[in-house]
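Chains as they are written, first to last, in my numbering: chain A, 1 to 197; chain B, 198 to 394; chain C, 395 to 653.
These are calculated hints, taken from the structure and not from any lab test.
Beta carbons are placed, not taken as given, at the ideal position from N, Cα and C, and that holds for glycine.
Any given hint could turn out to be false.
[Unchecked claim] Cross-link-like lysine to aspartate or glutamate pairs, in silico, DMTMM-like; alpha carbons within 20 Å at most:
no.: 1; chain 1: C; residue 1: LYS587; chain 2: C; residue 2: ASP597
no.: 2; chain 1: A; residue 1: LYS72; chain 2: B; residue 2: ASP230
no.: 3; chain 1: B; residue 1: LYS223; chain 2: B; residue 2: GLU233
no.: 4; chain 1: C; residue 1: LYS500; chain 2: B; residue 2: GLU311
[Said to hold, decoys possible] Only some residues are given here: those of chain B computed to face chain A with a beta carbon under 8 Å:
no.: 5; residue: ILE208
no.: 6; residue: PHE213
no.: 7; residue: ASP218
no.: 8; residue: LYS258
no.: 9; residue: GLN259
no.: 10; residue: LYS278
no.: 11; residue: SER289
no.: 12; residue: TYR301
no.: 13; residue: VAL334
no.: 14; residue: ARG336
no.: 15; residue: PRO366
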Amino acid sequence: MNSTMKLMSKIESLLFVSGDDGLTKKQLVFLTDSTEELVTETLETMMIEYEKNDNRGIIIKQLAETYQFVTKTENVQCIQKLVENPTSQSLSQASLEVLAIIAYKQPITRVEIEDIRGVKSERPIYTLAAKGLVQEVGRAEGTGRAILYGTTTEFLQYFGLKNIKALPPLPEEIAIDEMEDTDLFMTKFQEAFVTQE
Amino acid sequence: MNSTMKLMSKIESLLFVSGDDGLTKKQLVFLTDSTEELVTETLETMMIEYEKNDNRGIIIKQLAETYQFVTKTENVQCIQKLVENPTSQSLSQASLEVLAIIAYKQPITRVEIEDIRGVKSERPIYTLAAKGLVQEVGRAEGTGRAILYGTTTEFLQYFGLKNIKALPPLPEEIAIDEMEDTDLFMTKFQEAFVTQE
Amino acid sequence: MSYEVKTEAFEGPLDLLLHLINRLEIDIYDIKMAEITSQYMEHIHAMRVLELNEASEYLVMAATLLSIKSKMLLPIHQDDEMEEDFDIQLNDPRDELVSKLIEYKKYKEAASNLQEMEESSNLFYTKPPTDLSNYQDSQQLALFELDVNVYDMLGAFQKMLRRKQLSAPLHTRISKQEVSIKDQMRTVVSTLKLGGGKLSFYDLFPTRDKTTIVTTFLSLLELMKRQIVQIEQKSNFEELFVLLRKEVMESEFDDEIDE
């Protein structure tokens, strides 16, 4: 009994941290050092409990193999209000991430940006373009000839920069290298995945 | 009663969605269409409940002037299985020293920082700025108009602080007594000296 | 007495002085100048590779110490003709240095407090804000006031890296960067050399990374086969020790490894 309770707590921590990505049952078993049976059982208990408990604002959603937290639909109104509320930072976070990537890695395509972020980035790019902070600077070589993005002079003005080199350096540039490594893995992973299918 | 329950659910939804941006009490009142009194009361109830309920893996913490969900510390091990290098990210001694000086003496210039440390500090300042822990907060008066540095919201978030006032007090100038003793000694010494003459 | 001193171990001349004051158990308000100056000099001599930049700071401090020391050596009062110097005598020549040391010590302690806070905030995790842009129509999004500076942008970037770090292993476990057995053999041998030719078996596995553990283990087997290392265990269940048996030529690593 006690261990199931701990398992619930662990699963709640893990699903929370993984956010929109979610985790598979296999991953949960590995991460909690538990058995598939126990995890299955606990997930079921949790799904029912979250759903029926009126105090809870999140539920567990199963999407294909992945389990993730999502908000209860009945709270959609206050979430919508959060979206419209101009003090909310969650919107600028996405834009700022994309802006940082474009600023440091330009010229760069949308697909490359999405690879780095791990999420779709069409909207933030659109927003930044509409604000005149980024622009098309050319086309990539090869098939598709994807649009390449770069920053604008307005970007420099907005951030009070003399030129693009005046951007503060990233910590020893290691961050970027690491990122590229991970992306390589990601790409390989996706390739393997596609081939399997 | 029913409305409090709905409020809990709404707050849970909102805090989940906003993640490490967190939400202020004011924002929660606005977003849930509630009163400050009710939100305060509900937050308190939730904080206690999450903390003491062994099934829960997340708690509410006041971080960087906002309320945020964070995972329970007892589950750190299974979460760290998700992290590549759990400790590699920690700050160097030099960065910590510079950060301590900036945190307690902000706004402060680079030269003032170097005066306290007795060594050049350009690099740690760069690293800290690149990590988003310190920022330019203005320019000093006078010739040169040196850059003034201060801490950021990310600083509060990174060190788990509710606000800048939550910093522990600056360690006092070693034992004050000791100093007074020395002063006493000095005085006596001087007296003796003067009498001798 | 001889010391092994590394520059990186000190955050500058003030840090070194504090270290000496601590070790010599000297009262910070009554520093024995002769003692500390000679110790300080020994230390900076022992620091073999000083970067030029840093060296100058250490040398300036050496000069300061010497000048304070020589001022201290002046007799406190000689005869009446020295009366002019009276005022100067009342000002202890160490005062400025002492107040600098005390000021620095405060922030050094504050830095270690921050380090503790850093450690304890590593015990909990948050999540990035959910991407809500799907709820937002693009036109509205474009009107959204972006009130940020360069540092907000960098902050956002760091947050993203933190998030990346969290999900990385789940993706990367599939194909991890490979360390060759040959490279790992070199690492093991040089670790053993550093350890004086003998180390506990477990000291050779400082990482929790599975691939590295496996590679290290395979490289140990290979080294044993080539009689470069030897395993020693006094009795069952006792600690295992790995011994370096001979000087290793670089060429020995080049031999083909049979799989």
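Quick rundown of the hints versus the structure:
1. At roughly 13 Å between alpha-carbon atoms, C/LYS587 and C/ASP597 fall within 20 Å of each other, so this suggested pair holds.
2. A C-alpha spacing of about 17 Å is found between A/LYS72 and B/ASP230, which places the hinted pair at or below 20 Å, so the restraint holds.
3. This hinted pair checks out: B/LYS223 and B/GLU233 have alpha carbons roughly 7 Å apart, not beyond 20 Å.
4. Straight-line distance between C-alpha atoms of C/LYS500 and B/GLU311 comes to about 15 Å, which keeps the hinted pair within the 20 Å bound.
5. Interface restraint check: B/ILE208 against chain A, minimum CB-CB distance 7 Å, threshold 8 Å, status holds.
6. With 8 Å as the threshold, the beta carbon of B/PHE213 comes within range of chain A, its nearest partner Cβ sitting at about 5 Å, so the hint holds.
7. For B/ASP218, the shortest C-beta to C-beta distance to chain A is roughly 5 Å, which falls under 8 Å, so the interface hint holds.
8. At its closest, the beta carbon of B/LYS258 sits 13 Å from a beta carbon of chain A; the interface hint therefore is violated under the 8 Å criterion.
9. With its C-beta approaching chain A no nearer than about 17 Å, B/GLN259 sits outside the 8 Å limit, and its interface hint is violated.
10. Interface restraint check: B/LYS278 against chain A, minimum CB-CB distance 5 Å, threshold 8 Å, status holds.
11. Among the interface hints, the one on B/SER289 is violated; its C-beta lies about 11 Å from the nearest C-beta in chain A, farther than the 8 Å criterion.
12. Taken as an interface hint, B/TYR301 does not check out: its beta carbon lies about 23 Å from the nearest beta carbon of chain A, beyond 8 Å.
13. For B/VAL334, the interface hint is violated, since its Cβ never comes within 8 Å of a Cβ in chain A; the closest pair sits about 14 Å apart.
14. This hint is violated: B/ARG336 has a C-beta 12 Å from the nearest C-beta of chain A, more than the 8 Å allowed.
15. A least Cβ separation of about 30 Å between B/PRO366 and chain A goes past the 8 Å threshold, and the interface hint is therefore violated.
Against the hints set out earlier in the document, violations occur for numbers 8, 9, 11, 12, 13, 14, 15.
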